[in-house]
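Undergrad: Residue numbers (this note's numbering), protein chains in the order written: chain E, 1 to 225; chain A, 1001 to 1294.
Simulated from the structure, these hints should not be mistaken for laboratory data. Just so it is clear, CB atoms sit at the ideal spot from N, CA and C, and this is done for glycine as well. The reader is advised that the hints may include incorrect statements.
Claimed, not checked - Derived lysine to any residue pairs resembling SDA-like cross-links, with alpha carbons at most 20 Å apart:
| # | chain 1 | residue 1 | chain 2 | residue 2 |
| --- | --- | --- | --- | --- |
| 1 | E | Lys134 | A | Lys1192 |
| 2 | E | Lys157 | E | Arg106 |
| 3 | E | Lys134 | A | Thr1180 |
| 4 | A | Lys1192 | E | Ala171 |
| 5 | E | Lys14 | A | Gly1091 |
| 6 | E | Lys134 | A | Gly1091 |
| 7 | A | Lys1192 | E | Arg104 |
| 8 | E | Lys14 | A | Arg1090 |
| 9 | A | Lys1192 | E | Pro36 |
| 10 | E | Lys157 | E | Arg209 |
Claimed, not checked - Covered stretches of chain A (chain E as the covering partner; in silico rule of three or more C-beta atoms under 8 Å from a C-beta of chain E):
| # | region |
| --- | --- |
| 11 | 1155-1168 |
| 12 | 1268-1280 |
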Amino acid sequence: MALEVADLSVSYGKFVAVESVTLSVAAGECVAVIGPNGHGKSSMVTAVAGLVRRGGTVRLFGNALPPGRADTAVRAGLILVPERRHLYPELPVRDNIMLGSYARTRRFGARAAWEDVSYVLDMFPELTRLLDQKAGTLSGGQQQMTALARAMAARPKVLLLDEPCLGLAEAVARRVYDWLREMTETDMTILLVEENPVHALMVADRSVRIYKGLVEVAGGRGDTA
Amino acid sequence: MSQFLNLLVAGLTSGAIYGIFGACLAVWFRVCNVLNLAVGDFAMFGAIGTAWLVQNAGLPFIAGIVVDLAGVGLAAWLFDWVVLHQAFDRGRGARGIVGVFFYTFGLSLVLEGVARAWFGTDVWGAPSIWPGPALSVLDFHVQRAGILVIAVAIVSGLALWAYLRFTVSGRAASACGESTFGSRIVGIDNAKFRRWIFIGTAVLAALFGIVESPLSGFTYLSGPTISLIGTIAAGFASFRRPGRAVAIGLAIGVVESMLGGYVSSSYNDVLLYALLFGIIIFRPEVLGLGAEPA
Chain E
1 MALEVADLSV SYGKFVAVES VTLSVAAGEC VAVIGPNGHG KSSMVTAVAG
51 LVRRGGTVRL FGNALPPGRA DTAVRAGLIL VPERRHLYPE LPVRDNIMLG
101 SYARTRRFGA RAAWEDVSYV LDMFPELTRL LDQKAGTLSG GQQQMTALAR
151 AMAARPKVLL LDEPCLGLAE AVARRVYDWL REMTETDMTI LLVEENPVHA
201 LMVADRSVRI YKGLVEVAGG RGDTA
Chain A
1001 MSQFLNLLVA GLTSGAIYGI FGACLAVWFR VCNVLNLAVG DFAMFGAIGT
1051 AWLVQNAGLP FIAGIVVDLA GVGLAAWLFD WVVLHQAFDR GRGARGIVGV
1101 FFYTFGLSLV LEGVARAWFG TDVWGAPSIW PGPALSVLDF HVQRAGILVI
1151 AVAIVSGLAL WAYLRFTVSG RAASACGEST FGSRIVGIDN AKFRRWIFIG
1201 TAVLAALFGI VESPLSGFTY LSGPTISLIG TIAAGFASFR RPGRAVAIGL
1251 AIGVVESMLG GYVSSSYNDV LLYALLFGII IFRPEVLGLG AEPA
């Protein structure tokens, strides 16, 4: 298994956002996490990425990831594209992308990081003309492309995507899903959080539904449960 | 002509003081969005601590500098571990405006109290790193310590600018201040950058205090004034651009000196604040404050 999550729980004070979630994703598989807003989907992927405190275990290719250590998760090959992108608005697009590979290239300098920028520009050529523009001045769609490019610069083995099309225009959302479909044809392992099950099952091999912080039902491609 | 040159050097010297402390404030604010209001107290500990170690403890000057800077670094590390780590990494402290000002303001008061208890209320000055009489050409005179002050400010400003502009580590440091969550996503250790840049700027401020003290002397109360001067210079550089803080600090020092020499020194503070208010209100983009972050 590429990603194994067992008994995962997330609490914010007394509020339990995620309770005892167990799921696994095989290498090269794309699994969608669906369910209504506010039921713990984002908390779950954020915890898997090591960005919030959690209970339970997360294993990446058999190796346990320590809770709350995002840097360890990134170095092991797991990266999150968060719901609100969380770019660095005053830094140019080039630096935003370059920092995606920080965990791998920090010891090798800017030249090594620049190689990763070139690598992702092949995937997102529309960003080439925006490299010197501050990320905070980009449109929503351009910001989403930059967030995806930043994640790909890390050369991840497992990609966590949290609502990648939220708030995007139809044409931009289609572009994101076209790219995602291309990714599913590679050996990339993907965990996709998506509120809309129809969208999710267009690209995912199967889905799990989270309701009130618990895994409720599972479905396969073609289901829209 | 010689009056102009003398005023120019005097202005550059006082401007270097504005600039270097502005740079120390700006680089740390850029990383963690907190103002280091204790930066002047670190400078005070640099100057007085070294003077005390040399005059009272009998250490050789260089050894005194090394021991003093190590002590300042250790104090900064301790403060980060005891206060900032708990407040920012463990989520125990208050955030918002309290976090921006209060922790380092409290540190400033603590350092002031410790300095008074250890060193008393005397004026102290570390020995000069470059001893000797002022350098003179005709009627143009310049203190050796003044040359060192200007040189240290320019070299430090350029080094900080180059670090942030050209290195992966500098970009990562900037990203920490832009988006804490966003920087953690790519594996940047926010706490590490906050800690080491805090320690680094504390040591730099202390070093600058040692270099500068033969010119002005320090008391246990010197810290807050220096921190205020630094905050103004950092404000001119939008609190985020250390290289610009040094350049602007030098420019302000020269304008102040010329105004004092040719008009009246009474207008120095008026000029400084009027200029800052004017820019914030009418040309905020000059300070990099024009664009709304995404």
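Undergrad: Hint by hint, say whether it matches the structure.
TA: Verification of the hints:
no. : hint                    : verdict
1   : E:Lys134 with A:Lys1192 : violated, 25 Å
2   : E:Lys157 with E:Arg106  : holds, 19 Å
3   : E:Lys134 with A:Thr1180 : holds, 18 Å
4   : A:Lys1192 with E:Ala171 : violated, 41 Å
5   : E:Lys14 with A:Gly1091  : holds, 16 Å
6   : E:Lys134 with A:Gly1091 : violated, 30 Å
7   : A:Lys1192 with E:Arg104 : holds, 17 Å
8   : E:Lys14 with A:Arg1090  : holds, 17 Å
9   : A:Lys1192 with E:Pro36  : violated, 37 Å
10  : E:Lys157 with E:Arg209  : violated, 23 Å
11  : 1155-1168               : holds (count 3)
12  : 1268-1280               : violated (count 0)
Violated hints, listed in ascending order, are 1, 4, 6, 9, 10, 12; each of the other numbered hints is respected by the structure.
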